[in-house]
Amino acid sequence: MKSIKRDLVIIGGGPAGLAAAVAAKEFGCPDVLLIERDRILGGILNQCIHDGFGLHRFEESLTGPEYAQRYIDEFNRLGVDAMMGTIVLSLDRERNLLVSSRKGFTKIEAGAIVLSMGCRERTAGAIQIPGTRPSGIYTAGAAQNFINLQNIMVGKQVVILGSGDIGMIMARRMTLEGAKVESVFEILPYAGGLARNIQQCLNDYDIPLHLSTSVIELHGKSRLSGVTVANMDENFLPLPGSERHIPCDTLLLSVGLIPENELSHRAHVTMAPATGGAGVDDIFMTSVPGIFSCGNVLHVHDLVDHVSEEAALAGQFAAQFLEGGIPSPDSHINIVPKQGVRYTLPQHVSGLRDFTLSLRVTEPLKDRAVWVRDGDRKVARKKMVRLHPAEMIRVKIKGEKLQNTRTLEVSVE
Amino acid sequence: MKRKELICIVCPNGCQIQAEIEEGEKIQVNEITGHLCDKGPEWVEQELVNPMRTIASSIMVEGGDFPLVSVRTDSPIPFKSIPEIMKAIKSSKAKAPVQIGDIMVKNPAGTFCNIIATRTVQTQVLP
Chain A
-15 MKSIKRDLVI
-5 IGGGPAGLAA
5 AVAAKEFGCP
15 DVLLIERDRI
25 LGGILNQCIH
35 DGFGLHRFEE
45 SLTGPEYAQR
55 YIDEFNRLGV
65 DAMMGTIVLS
75 LDRERNLLVS
85 SRKGFTKIEA
95 GAIVLSMGCR
105 ERTAGAIQIP
115 GTRPSGIYTA
125 GAAQNFINLQ
135 NIMVGKQVVI
145 LGSGDIGMIM
155 ARRMTLEGAK
165 VESVFEILPY
175 AGGLARNIQQ
185 CLNDYDIPLH
195 LSTSVIELHG
205 KSRLSGVTVA
215 NMDENFLPLP
225 GSERHIPCDT
235 LLLSVGLIPE
245 NELSHRAHVT
255 MAPATGGAGV
265 DDIFMTSVPG
275 IFSCGNVLHV
285 HDLVDHVSEE
295 AALAGQFAAQ
305 FLEGGIPSPD
315 SHINIVPKQG
325 VRYTLPQHVS
335 GLRDFTLSLR
345 VTEPLKDRAV
355 WVRDGDRKVA
365 RKKMVRLHPA
375 EMIRVKIKGE
385 KLQNTRTLEV
395 SVE
Chain B
286 MKRKELICIV
296 CPNGCQIQAE
306 IEEGEKIQVN
316 EITGHLCDKG
326 PEWVEQELVN
336 PMRTIASSIM
346 VEGGDFPLVS
356 VRTDSPIPFK
366 SIPEIMKAIK
376 SSKAKAPVQI
386 GDIMVKNPAG
396 TFCNIIATRT
406 VQTQVLP
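Heads up: the sequence lines are chains A and B, in that order. Take -15 as the starting number for the first sequence in our numbering and just add one per residue. Take 286 as the starting number for the second sequence in our numbering and just add one per residue.
Simulated from the structure, these hints should not be mistaken for lab results. These numbers were taken from a predicted model, which means no experiment stands behind them. Do not rely on the hints blindly, as some may be mistaken.
Taking CB as the label site, the calculated pair distances span [unchecked claim]:
| no. | chain 1 | residue 1 | chain 2 | residue 2 | range |
| --- | --- | --- | --- | --- | --- |
| 1 | B | K391 | A | K(-14) | 43 to 53 Å |
| 2 | A | T346 | B | L321 | 38 to 48 Å |
| 3 | B | D323 | A | Y189 | 23 to 33 Å |
Heads up, incomplete: computed chain A residues facing chain B, CB under 7 Å, no partners named [claimed, not checked]:
| no. | residue |
| --- | --- |
| 4 | I56 |
| 5 | H252 |
| 6 | V284 |
From the three backbone atoms N, C-alpha and C, an ideal C-beta is built for every residue, glycine too.
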């Protein structure tokens, strides 16, 4: 088996991997290798052909493929090395990788690693809807791949379960392609995706969004023939008498994303249950020295612009780590989510530098402030008009305010 | 006097904007509240008179390394012309290679926009 040594290995060539690779190379890391299992770079952006990407990063509204191309051009201009059609089979704490491609197996000894594998969709199996098991049930992203990349139409009469952004985007896409989208059902009392997608994907095409409602049974023998939906009580149990049958041949699921962390587990990286990703510090390093994590494998983002920004930092810190430019990690300040906060990222910091604190709230709120405190002392405060679990909140924190700090508490008040 | 609630689609903030309007021969917008930036009122005025959208879809490619090339309108188009523009997109075909930014359909349905490619599709190399 071929065996090689590389400085920085980046796993995954989606928006996070591309931004990390470009930033590391620009920082001066001479040897960057990106490993991608697909035959093209850009990841899921390739199938997101709608516009709305890049408003922060490029100050214009780009489609997914266009946004990806900006980074691919930069990647190629810098001459970053990529192994395409290659999958990483294993990774250990000493940063040894085993990869597989059509050419065979290769062992790689890496000086540092950036994990940027992205996330996958929660499937029908994961939410266990009673009833038959016919064809015609897809995750929204799988349907998006079929329609936008492979030219395969997945159905004519569609019900969508879950109001995540991909589900709403697919409601519009299927409508434009001639399908009839009956309804979008959301088990929670509020929508899971961005407000503007409710407007431009659902309201624009008169597609109703039913909140506190879910699919409780599937019907059909070989192909889906319909679903039973019902209103849900506060314990997510169907309200008797509210059941109704909706004929359809296709059910799309947009019921959440799961960071794809199999390799992180293999390397014994300590995970954060609230995000489903690795626990990291203010340089995006995991509990394993020299292994960094960024993008949707770290925590699921709502905007690719933020993925790129975060991943560029991870790539730069990984390059700095390789140079020996980072003092031995001492991220002793724990960040603890309190009232109204579902998670924070990073989970612990060194206090040596400024950083951006990302967080999500537990429920929709209006006119509140995000407080970051060290005991009774205010470290940062951000006033907000609207707070929503679907929208990640970012608060800039100054490192100089963290002298002698042991714990930072984050709350919504 | 009438109150209208709109969700701004300019950026991911998705501001819920309230507009006080008077409906006559021409819609007159009196007061706009709820926006976080200056683009909100501008968008609301346009939205109430003639809503505009950017549309993305794809076109079949012959002999490419992908069966489809993704496309979009190069500027927002009137909402009401979407069906006609989708028809123009669906009835067109392309031949590889296609470069990102190439004009695929010029002024569909009598509009001022063009349909442009949003990705590059190379000529398929047979093994």
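Do the beta carbons of B/D323 and A/Y189 sit within 23 to 33 Å of each other? holds, 29 Å
Status of the A/I56 interface restraint (C-beta, 7 Å, chain B): At about 10 Å, which exceeds the 7 Å cut-off, the nearest Cβ of chain B leaves the hint on A/I56 violated.
Starting from the range 43 to 53 Å, see whether the pair B/K391 and A/K(-14) falls in it by beta-carbon distance. About 51 Å separates the Cβ atoms of B/K391 and A/K(-14), which means 43 to 53 Å holds.
Hint validity - A/V284 Cβ closer than 7 Å to any chain B Cβ: Result: violated, 15 Å to nearest chain B Cβ.
Less than 7 Å between beta-carbons is the criterion; does A/H252 satisfy it with respect to chain B? The hint is violated - A/H252 has no Cβ within 7 Å of chain B, the shortest such distance being about 36 Å.
Please check whether A/T346 and B/L321 have a Cβ separation lying inside 38 to 48 Å. The hint (38 to 48 Å, Cβ to Cβ) is violated, given that A/T346 and B/L321 are roughly 23 Å apart.
Taken one by one, the earlier hints fail for this structure at numbers 2, 4, 5 and 6, listed in ascending order.
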